[in-house]
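Position chain Z relative to chain D; hints supplied.
Protein chains in written order, with UniProt numbering: chain D, 1 to 406; chain Z, 1 to 406.
Read the hints as simulated data drawn from the structure, not as lab findings.
Careful, some of the hints might be misleading.
Said to hold, decoys possible - Listed next, the in silico EDC-like pairs over lysine to aspartate or glutamate satisfying Cα-Cα at most 16 Å (straight line):
no.	chain 1	residue 1	chain 2	residue 2
1	D	K62	D	D35
2	D	K168	Z	D171
3	Z	K168	D	D92
4	Z	K168	Z	D92
5	D	K168	Z	D92
6	Z	K145	Z	E309
7	Z	K24	Z	D271
8	Z	K168	D	D171
9	D	K60	D	D43
10	Z	K256	Z	D41
11	D	K24	D	D171
12	Z	K145	Z	E203
As the list claims (entries may be wrong) - Computed spacing ranges between beta-carbons, pair by pair:
no.	chain 1	residue 1	chain 2	residue 2	range
13	Z	D146	D	H206	55 to 65 Å
14	D	K357	Z	L343	47 to 57 Å
15	Z	L358	D	K225	25 to 35 Å
16	Z	Y322	D	M265	33 to 43 Å
17	Z	R284	D	E305	42 to 52 Å
18	D	L22	Z	M298	19 to 29 Å
19	Z	L332	D	Q400	50 to 60 Å
20	D	E208	Z	D146	26 to 36 Å
21	D	Y322	Z	L358	32 to 42 Å
22	Z	L333	D	S226	52 to 62 Å
23	Z	L363	D	A339	13 to 23 Å
24	Z	L107	D	Y105	18 to 28 Å
All C-beta atoms in this analysis are idealised placements derived from N, C-alpha and C, irrespective of residue type, glycine included.
Protein chains: 2
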Amino acid sequence: MEGDPTLRLRVFDLNCWAIRYLSKRRQERIWLIGDMLCQEDFDLVLLQEVWSERDYSDLKVKLGGCYPFSHYFRSGVIGSGLCVFSRFPILDTLLYQYSLNGYPYMLQHGDWFCGKSVGLIIIKISGIIFNIYVTHLHAEYCREKDTYLPHRLVQTWELAQFIRHTSKAADVVLLGGDLNMHPEDVGIRLLRGWTGLQDAFSEATHFEGCEDGCTLVPNNCFTDKSELLPFPLGIRIDYILYKAISSFMVKCEELKTTTGAAPGMDVPFSDHEAVMATLHIQRRGQAAGAALATAEPMLADVVTEARTEVGVGLRAAQRQRYSSGRMALLALLLLLLQAMAALGALAGLDAGQPFPKLSFCLLAFLAIGILLLATGLHLFHTMEVKMLHSTEEQMRMVLQTLQERP
Amino acid sequence: MEGDPTLRLRVFDLNCWAIRYLSKRRQERIWLIGDMLCQEDFDLVLLQEVWSERDYSDLKVKLGGCYPFSHYFRSGVIGSGLCVFSRFPILDTLLYQYSLNGYPYMLQHGDWFCGKSVGLIIIKISGIIFNIYVTHLHAEYCREKDTYLPHRLVQTWELAQFIRHTSKAADVVLLGGDLNMHPEDVGIRLLRGWTGLQDAFSEATHFEGCEDGCTLVPNNCFTDKSELLPFPLGIRIDYILYKAISSFMVKCEELKTTTGAAPGMDVPFSDHEAVMATLHIQRRGQAAGAALATAEPMLADVVTEARTEVGVGLRAAQRQRYSSGRMALLALLLLLLQAMAALGALAGLDAGQPFPKLSFCLLAFLAIGILLLATGLHLFHTMEVKMLHSTEEQMRMVLQTLQERP
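Isolated chain D (complex conformation) (with noise of 0.2 Å):
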């Protein structure tokens, strides 16, 4: 067994920002990042924020010749924008839509119109069985004040358990995406330590890119240089996971990052720097169990603060599942106390008219309003509410597995 080949894959992972009217330059882009991928030979490309179908037929097209195989993910209203180019077959598919994914009122950030999820594809090289996992998380909008962590923790916890679920005959998981989250955030850790997932940036033997692999830098001439203040260098947030199960061995020789604008050209990618890593696979002499690459008195701690901070939004989202609910409640008292009023006009009870005509409708018509937006945002809260209580729930169970460990 020690003899066998070891097996080369060169996996491709980049956020593309193509927003149909909003990413600049989107077109061209899409079109350099076509050509780029026929140049080089990857085996594996994960491709974030492919919002537009017509993109992904464009790159379809194009890419035919070199990836003969993909498949795009659809979700939500836009679309989840995830796809996979492969120059092996793809065996079959999964997609898994996060239960949380922020406000649909925050029109401004629009997370919630994307119904981000994460895609599976299985593929086969020389018998070593592939999961592949391509992600993209809810955005980081404020650092300080991170309104969405509790979402973003929740969905890196049903992340977490689908991989865990899913991959059990897998040889070899790999995940690729945009996490939104640093390599030391609370999530990224519950993430390696719960799957057992090994960081590409931090494995390679050789890299070679912008500083400390940062996949968001203030060079990019799209990025937000006030967003980047905090963090000179820029900030990591993209990412190659892997792990090798049963029999196997991953080894990452190499991890590349773009820095900036693409060779001979003026223009980026995308306002994310494309992440590349050559992964050696090997099978070795003995089968190695299961193991969490955090050790677990370490991975208690991890659930722990994670458990704390969905708990922190559980609350949040209780508190304002109580107050829509109580606004809800008012504006039916009130159009109820208008009903009487009308009524009591129409039966002669009334002296006079308390209101002019056109101010009573436009009350009305307010408080149906009211009533309508009210009722939709209970109904979301409570929604909100059960799943973070569920995976507050479910992170409580692992805790007490682990607790009660020897």
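Frame of chain D; chain Z shown alone:
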């Protein structure tokens, strides 16, 4: 290996019809179900329509002695209604919420608010790993013109894919639940064909209960007799399905259903009959390959049939997306016209007031209302189109693979 002792597993499945404020004699029935479960020695209890967490908590307290392990799956506004009680420790859980589940505006049906899902629990008995799934699919309100069929087929497909992807390391797979489909319906054939699951009713050596294994029978005092008129014996829509993977063998020794009122009582447990299976699990000498229950050419026919129905749903959803988009546009146009007229009046361009103020305001409010409603509908149907399209595409890929095989 052949000498290994046989493991006997007794499984109970019931749609409890426990809707707060709506289901008749709910608390009394939950009490009765709890009593009966305490008396009988089932190993696993799979319940649906336990919508209230309070009912679950009451059951949990009551069953704590005989079924010390349990899990409640939370989702949607009301909840998934799914829960499991077990004599054996629950090692892990996962919930998958179906991407389509009816329409939020069909308030009289209300399925949308339940966040219909499939729940997975993993247990280990005598070293054998069991993946236990519990689910409840969208109801069928009118068999002649079943507008929910495409959604139910998307759910069935997602259920089958979820089982296939998460059960690869399991020794035995077990699915219980209210599938809201008759045994010969395309959905059941698709589920069984694509997962290889076997129907406990068809496989049972010994059967006792309602004729043809029906679980919604005219004899039950809670069922709607008029709905069952075309089916004098009743219908079978609640199932226990199973399969063994790797080197195990499952046999259904006995299948029973309840038959209306509980023994010695005037009230049945629910409007559905419970399904109770006794399974025998034995290790076999030689591992069998992963087999599909349906021969491949037949499976291709079933997938084609299901895909056609999903296609019908897709076209209907596209029409609804178009109409709601057009309606939103018309409302927007009306608002713009009104805004221009109002601005004109303010600038003194108009000779007189073309409308009385009250009608003008009422019209504006009406236009705003229609705009909001139509936009919401348009977004919803856009998501619906995406998911139907995605399922149709996946089925097309599977068909291609099935047809390419020699």
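Among all the numbered hints in the text so far, which are the ones the structure does not match?
11, 12, 14, 15, 18, 20, 22
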